[in-house]
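Student: Just so you know, the sequences run in chain order R and S.
The first sequence runs contiguously to residue 395 in the numbering used here.
The second sequence runs contiguously to residue 368 in the numbering used here.
In short, the hints are calculated from the structure, not lab data.
Check each hint, because a few of them may be wrong.
[Said to hold, decoys possible] Computed Cβ-Cβ distance ranges for the label pairs, DEER-style:
| # | chain 1 | residue 1 | chain 2 | residue 2 | range |
| --- | --- | --- | --- | --- | --- |
| 1 | S | Gln351 | R | Ser120 | 11 to 21 Å |
| 2 | R | Glu110 | S | Pro74 | 49 to 59 Å |
| 3 | R | Asp81 | S | Arg296 | 44 to 54 Å |
| 4 | R | Glu93 | S | Gln351 | 31 to 41 Å |
| 5 | R | Phe361 | S | Ile126 | 33 to 43 Å |
| 6 | S | Leu117 | R | Ser154 | 23 to 33 Å |
| 7 | S | Leu129 | R | Glu110 | 23 to 33 Å |
| 8 | R | Gly327 | S | Val232 | 28 to 38 Å |
| 9 | S | Thr301 | R | Leu83 | 28 to 38 Å |
| 10 | S | Arg298 | R | Gly327 | 33 to 43 Å |
We put the beta carbon where it would ideally sit given N, CA and C, even for glycine.
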Amino acid sequence: MSDSQPIRSTRFRAEREADWLALETLVKRVESGGTGQLDFQESRSLAELYRKATTSLSVARDISLDKSLLIYLESLVARAFLAVYAPQERLSGVIGRFFGGSASAAVRRSGWAILMAFAALFLGSWVAALLFNQDPAWYYTFVPAELAGERGPGASTETLRAVLFDTEGNLLAQLGAFAAFLFSHNTRVALFSFALGVFACVPSLLLTIYNGLILGAFWALYADRGLGTELFGWLSIHGVTELSALALAAAGGFRLGLAVLFPGGLTRKDSLRAASKDAVKLALVAALMLFVAGLQEGFARQLVTDTTLRIVIGWGIGLMWLAWFMLAGRRAR
Amino acid sequence: MARRQTPAELARKLENSRRWFELVPPEGVPIRFEVAGLAARFGAQLLDILITVVVMISIILLLAVLPFSIEPLVSSLAAILMLMIRAPYYILTELFWNGQTVGKRATGLRVLGADGRGLTTHAVVARNLMKEVEIFMPGTMLLVSGSVGTFWNLVLLLWIVIVLVIPLTNAKRQRLGDLIANTYVTARPKSVLLPDLSGSAPKLDFDFTPAQMEHYGRFELQTLESLLRTRSETRSSNVRRVESLVQVAAQIRRKIGYEEPVPDSRAREFLHAFYTAQRAFLEQKRMFGDVRDDKHHRDDD
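Given the sequences, and given the hints that come with them, work out the whole structure.
Tutor: Here is the structure:
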């Protein structure tokens, strides 16, 4: 033991202290104002000093018993890590990537889940239509009262027709209709069928079938009165987008549920995480589509009353969605 | 007879009761972060909700100035505005401010990617979308819970209980959204570089033999370090500190068999010298694989 020379860990510290302090100054600046604060040279030295500090930490953990030094290095490296590995995103980049390919790729990857959702929707409609044709009283079983309003087997054909071609109301009423729509039945169904998909798909499947039942009951009622084409037009103008949104939301739920049911080689947690990458994008796409459907239902449906035009607009927009899903981001791969 | 717990073991227990998690960044050196406390997270959430609600109300007030009446729509408008302000607010702040919303900034919290490679856009979006489902949907339903039936109230209650219990069941206090997005919430680390005690040691006229160094381990050394580092603000606490230094010096001298007398006025210098010598000795031993975690020479188990 030499009294003349400082001990090893003290020398270790003395040799590196200047670097740590320089790193701390840089990290402080990044913490207060973001990485944009630094110029090129400073960013380079931030990365370099961070790596040096991690090495120091690793060595200090082994050789030093100076508690305060260890605590200091632990927290300095932690802060520097946060500064160096901060997300370097721009808003335009995030949005551009979402629309330019990542969302559509997620939709393309979820083809089977989406097919499953549409199948459930059609199954529900088909069953409801069959049952309605046997006994119209089924209508009341399927369609909740607040959704049915004055539409029902007891209503006259004129009343039913009037609902389809209601053009009353000003801008304010349309805004109200839009607002009401967003928090209406379908949005809730979309949200639940996405979120509850985790529970092995079952709740999502039931919800989607149930939604199909409502649709089928409506359909059968109007077809019964010879208003099938008119209903098709009325539904098309917002329903193509809206029902697709429901199907996509349910498909997102299915992806989660399938990941839980069939994790393959991964653990269930990892498999769920992997599936959530696509599922979250499906949910965002569904939310966007519901928003557009709200605009269509609130404004376009009131402004356009011609059945042919309604069908053209509705399916035209539907085609545009399809084109986005099928084409965007294909060239990249 | 069961052996009594030594102070070192107690201290280790105390240290372990603070929750930590380790990230392994690409550099390969594990970095320790402290798990954020539930109270801080709750406070941050409350502040964020407050901010979004204030923005929402001011927009509605602005709309109210417009020439037509919005009265019949206020509630649905408020619900939409909340959703359209809230979701982007959380996502964009966490993405561009490196895992911090305004509330998290105020309470010193941060979101971290658990894989040690920084936050990804997906992680931020996923954890905040789950927040809608976890917190805001039951929250909104709670406001209208009077108008739905008993069954749905029970479902709501169950949901809230589950959401509240999940963070308590895992050591890293992850809520459902954190689990899915693979993120942690951490308390922001602070760092203060204190002077090296051994470096600033005064001229040593205390000599220790290697045999005298055999008595203590890491825990005792670091306890001594804390004692030497304490600063006293008031006169009375200073008197008490000097007294304890004298006591500790006497105890150490007795234990290691240090024969020469040390006057009370030099107790601090003695302890300083002893600290430096002991640290050099233990670090030397450690380098050759002889790790002494406390005076019983027991390793961390």
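Student: Next, verify each hint and record whether it holds.
Tutor: For each hint, the structure was consulted:
| no. | hint | result |
| --- | --- | --- |
| 1 | Gln351(S) <-> Ser120(R): 11 to 21 Å | holds (20 Å) |
| 2 | Glu110(R) <-> Pro74(S): 49 to 59 Å | violated (42 Å) |
| 3 | Asp81(R) <-> Arg296(S): 44 to 54 Å | violated (24 Å) |
| 4 | Glu93(R) <-> Gln351(S): 31 to 41 Å | holds (38 Å) |
| 5 | Phe361(R) <-> Ile126(S): 33 to 43 Å | violated (21 Å) |
| 6 | Leu117(S) <-> Ser154(R): 23 to 33 Å | holds (30 Å) |
| 7 | Leu129(S) <-> Glu110(R): 23 to 33 Å | violated (50 Å) |
| 8 | Gly327(R) <-> Val232(S): 28 to 38 Å | holds (30 Å) |
| 9 | Thr301(S) <-> Leu83(R): 28 to 38 Å | holds (32 Å) |
| 10 | Arg298(S) <-> Gly327(R): 33 to 43 Å | violated (57 Å) |
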